[in-house]
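S.K.: For the record, the sequence lines run as chains A and B. Take the first sequence: its position 30, counted from the start at 1, is 30 in the working numbering, and no numbers get skipped. Take the second sequence: its position 55, counted from the start at 1, is 55 in the working numbering, and no numbers get skipped.
FYI, nobody ran anything at the bench for these hints, they're computed from the structure. All of these numbers come straight from a predicted model, not from anything done at the bench. Each hint should be verified, as a subset may be incorrect.
Stated by the list, open to error - Some chain A residues well away from chain B (every beta-carbon gap over 12 Å; in silico):
1) 85
2) 103
3) 133
4) 156
5) 239
As the list claims (entries may be wrong) - Which stretches of chain B does chain A cover? Using the computed rule of at least three CB atoms under 8 Å from a CB of chain A, they are:
6) 34 to 42
7) 107 to 113
8) 203 to 211
In this text, a Cβ means the ideal position worked out from N, Cα and C, and glycines have one as well.
The primary structure of each chain is shown beneath.
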Amino acid sequence: MSDAARLVAIARACRVQIIRMLAHAGSGHPGGSLSVIDTLVAIMFGRLRHDPARPDWPERDRVVLSKGHAVPALYACMAKAGYFPEEQLITLRKLGSPLQGHPDRTALPGIEAATGSLGEGLSVALGMALGLKLSRSPARVYCIVGDGEIQEGQVWEAAMSAPKLGQPDHPVDNLTVILDYNKIQLDDFVTKILDLEPVVAKWQTFGWPVIEVDGHSMDQLGKALDQAEATRGKPTLIVAHTVKGKGVSFMENNPEWHGKAPKPAEAVAAIREILDITEPAWDDYLRTDQTTAALVNELRALERT
Amino acid sequence: MTAKASRAAFGEALLDLGARDERIVSLDADLSKSTMTAAFAKKYPGRAFNLGIAESNMLGVAAGLALAGKIPFACSFACFIVGRFETIRISVAYTNANVKIVGTHVGVAIGEDGYSQMGLEDIACIRALPNVPIIQPADELETKQVIAYAVEHRGPLYLRLTRQNLPPVCPPDYKFRLGRWVTLRPGRDVTLIATGGTVFNALEAARRLEADGISAEVINAASIKPLDEDMLVRSASATGRVVTVEDHSVAGGLGGAVSELLSEVRPTPIRRIGTTTFGESGDPKGLYAKFGFDAVGIAATVSKFLAR
């Protein structure tokens, strides 16, 4: 299996878990979780130097999911990487669970910063990158921002600062920022709320090298992340053009699915689509895939409660 | 010791502690000449970061530096830095980042610049966060101990510092401890609890009151969060009257905190001296007289309170 194919398979498995945990939670944000999952997988399973058994390892690379509402995607990756058992995913948003509705650093080892109050994560990632440089650490910092999120003013304070901070001895070229550009925010399409364009030119004017990619292509994401890592003297922005709700036809490109959890029957239909199984073939498929069959039974039981 | 602004004592302490601990870094938002970190920045240019007039980003960068093992002092005027409350709330407090937030130029005592530059609500805001201690030292000796404590304390912390010079009030053998106040003057009839720039005036007021036959106990409350519950209850029980004195809004400040605690554990008649309006421009002395924060004003409030 090629590396891209391996990552695609992981992303597919994570999409299933995203749908599963949101259905169990009964609330949450599927659209942005499904748009960002390929980026997260490309980072966490393609290059991240980390050790789930030692989440406080000082030399680890850091991931700051600034668009914190997409945290189901991060939890799916963390469970798959071994930070906690996959079974725990269905405690998402439940009383007492470390899987808070938005990332809580103090509740779950491996979460690098509390995010979800939009616009704050880039500054924190920037400070981490600077601190690591000052300590001569080889670690990198990856920060994922949302498109609606960059309407926040603090993002532009950070964007203005980052290419200059630490210069000349400690430039933050260990910072890669990825914009999950799915074109939809809570209320409506981004162009209808507050258009970001020309977004590439804006960041370039602030001094950032910018790379545009298809945010669902593991090949393109991998090459862009390589290029960012090879860039010296400046942080890099990757604009990942994505589809909100990617992988589930009835969620794709639909603002209704920004912040609404699928009902159990919808979740089963979504999982079937993610696994690319036709409806007539579904029952036969479930007889061959016991893991998925168990998830589906669990969801059907949820429907009855 | 002569009178010195707590911001100036902070600048000296930072320079001193910075030589011993290279994890210490400073962050400013174009006010380093006023927050007094400029000397640290000159001596350690690689550890001082001026983020420009962008306090939210400064606070977030401070949080990131803390999460990477540094001990950042993020500094600005109290009103501007606490004005970016949402970033403090999430990136610093909820993240539990080891950031030392330094708010200078507190209170109407800054004078001529007027209300927009006066930190008068900062205690109220920070007090609402569950994990951020608030400390306001009253003189140079105390400030230097508080800054040393801040470096040792693991977790976020808020320091409230003055622009104006503060005469020495603490005894030479004074040792700062979080959650512990110190009695500067014992008394029987009323407890005056002051903090920061009003402590000296409270002592002066006590001397005036003594001439009128009123014995006022004066407590320096540097630790605004947590309060010194033991000392508060003991003194309030002994005198039966409490007056708080602060250059801050009476809503949510030291007076608010003391009232909340006493009403639960030892209901005691109380008067809160502090602001109830916006501040305004003027000479600091005139403003302290107008707001009743000088010795005359404090003594008058106490006399009236006790006459009831």
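S.K.: Look at each hint and say if it fits the structure.
M.R.: So, going through the hints one by one against the coordinates:
{"no.": "1", "hint": "85", "result": "25 Å, holds"}
{"no.": "2", "hint": "103", "result": "9 Å, violated"}
{"no.": "3", "hint": "133", "result": "9 Å, violated"}
{"no.": "4", "hint": "156", "result": "9 Å, violated"}
{"no.": "5", "hint": "239", "result": "21 Å, holds"}
{"no.": "6", "hint": "34 to 42", "result": "violated (count 0)"}
{"no.": "7", "hint": "107 to 113", "result": "violated (count 0)"}
{"no.": "8", "hint": "203 to 211", "result": "violated (count 0)"}
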